[in-house]
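A.B. asks: This is what each chain is made of:
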Amino acid sequence: MKLTDDRDLQKTIRAAQKGDERAFERLLALVEAPVYRLALSMTRHREDAEDAAQEALIKLWRSLPSYRFECPILPYALQIAKNAVLDLLRREHVHRENTVSMVREENEGEAVELDVADTDVSADPVRSYERQERVRAVREAISLLPDEQRQILVLRDMNGCSYEQIGQILGLEMGTVKSRLSRARKNLAEILKTRNIF
Amino acid sequence: MREQDTITCEQAELLLHAYADGELNSQERAAVQAHLDGCPSCRAALDEIEAMSTLLAQAAERPSPALRARVLRAISEEGRGNAPRVPMWRRWGTVAAAFACVFVVAMALFAGGILDDVGFAADEDMAMAPDAAPQAPMESVPSDERVEDWWADEDAADDVTDNLLDVTPPADIAPEGSTAGDKEYDAPSSTGGEKPSLAKSYTLKRVGGDGQIGGLSLGEMLDGEWASEELFLSFARHSGELKLEWRAGDVRMGRFSLDGDILTITLEDGEVLLFRAWVEEGCLCLIPR
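Going down the list, the protein sequences come from chains A and B. Its first residue numbered 1, the first sequence is counted upward by one per residue in the numbering used here. Its first residue numbered 1, the second sequence is counted upward by one per residue in the numbering used here.
It should be emphasised that the hints constitute simulated quantities derived from the structure, not laboratory data. Do not rely on the hints blindly, as some may be mistaken.
As the list claims (entries may be wrong) - Derived, one-sided and incomplete: chain A residues facing chain B with beta-carbon distance under 10 Å: (1) Leu-40; (2) Leu-60; (3) Arg-131; (4) Pro-146; (5) Gly-160; (6) Ser-162; (7) Lys-178; (8) Leu-188; (9) Ile-197.
From a predicted model like this one, the values you see are computed outputs, not experimental measurements. Note that CB positions come from ideal geometry on N, CA and C, so glycine has one too.
Please work from the sequences and hints to get the whole structure.
C.D. replies: Have a look at this one:
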């Protein structure tokens, strides 16, 4: 069931706050991907990101009774996710220094169909392959960025967070959000241009 | 346009990202728009920013479907006060190791003549040989967790079937009128056999009726007939009877009960199945527990 408007979402959150697991499942549909992406941008490893995302979403469930609707649920969840990832990294001393693309790490030597978030499903296999390669290159380029730039790109361009929400999640002033985002996009464009993707 | 509203390329460059993201106020937006109307290079820079955003959105990764299932299971177990799930392979490994230890000790005692003294026969030892099918004592593993795990973990269900494991159903899911311990529970049939297995998810549509199910409890909604492409289910709420008909012609009878959103189906051949049930957009959804 899609959460089509704010009222619908509020109703779902209130039900989840009372312990309605099905309502929480509907909420998960909204927040699990953005939480996972933020975790992935911080850990740069899919398995660690899933572990951290799992922990974050369970913490979200536990903390829902104290959620007072002061901010939208997505940045609230992402803030929990950021802290969960930091806890995980501290606990397990996991920090992937390897700048090799996460996709290639896991699928070395295999041709793997990427899960491409793209509604334009082309019937042309050549275009489809080119799009997959582009996505693969973009993901690799993102992994080459400094952590703070990668996180801000994920929050803005993949999770659709506003500048204000990004500032809240990352603890940044608005001016810093703008300048960091601008720098991140420029750096990404430079990397992609060297790979003839952009 | 007033002179103070015009901006330079340098100023526009600083605002282009926020402009593309819809983060400017109306005055700033108008100023940037006016500049873009007369500046091809800033227009090209904006196009690049927008193309970059599109590429990034396309590259957005999604978690595996297992993530949601794990989270839901964890919160569900938290709610019932259960311990975190132990992986099936570790659980059976622990049980097998325990029996191996018991066997070694038993053989040592037997060899020492101690067990003879208390009438412990050699053939009983054979039943506990490590290569025999493990018969886990119920007290070593929470019963309801094992039942759920069998339905959640198809590989485990296969292993159990292969090992001919019989387990007494726990009291809270025992068929109506029975008590735990008085009925043998056969592991779910997932190794084929003549009758199709029910152990999977279903989305069934209402058959007949006036289609109005809003405002009814789950039990009231279940009462009646539901069908998918392969299966027809007929629930009789007053008697608790259930009939299942497959399009291929197979028919199975049974009984059902509902506890919250947990649907228990007990078929006439003794098979017991648990589902989480809910009605969504007119469809009955069943997920094996």
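A.B. asks: Hints first: check each against the structure and report whether it holds.
C.D. replies: Right, here's what the structure says about each hint:
1. Leu-40: This interface hint holds because 6 Å falls under the 10 Å limit.
2. Leu-60: holds (9 Å)
3. Arg-131: With Cβ-Cβ at 7 Å, under 10 Å, it holds.
4. Pro-146: The hint is violated - Pro-146 of chain A has no Cβ within 10 Å of chain B, the shortest such distance being about 16 Å.
5. Gly-160: holds (8 Å)
6. Ser-162: holds (7 Å)
7. Lys-178: Hint on Lys-178 of chain A: holds, closest Cβ of chain B at ~6 Å, below 10 Å.
8. Leu-188: holds (7 Å)
9. Ile-197: This hint holds: Ile-197 of chain A lies near chain B, its Cβ roughly 8 Å from the closest one there, short of 10 Å.
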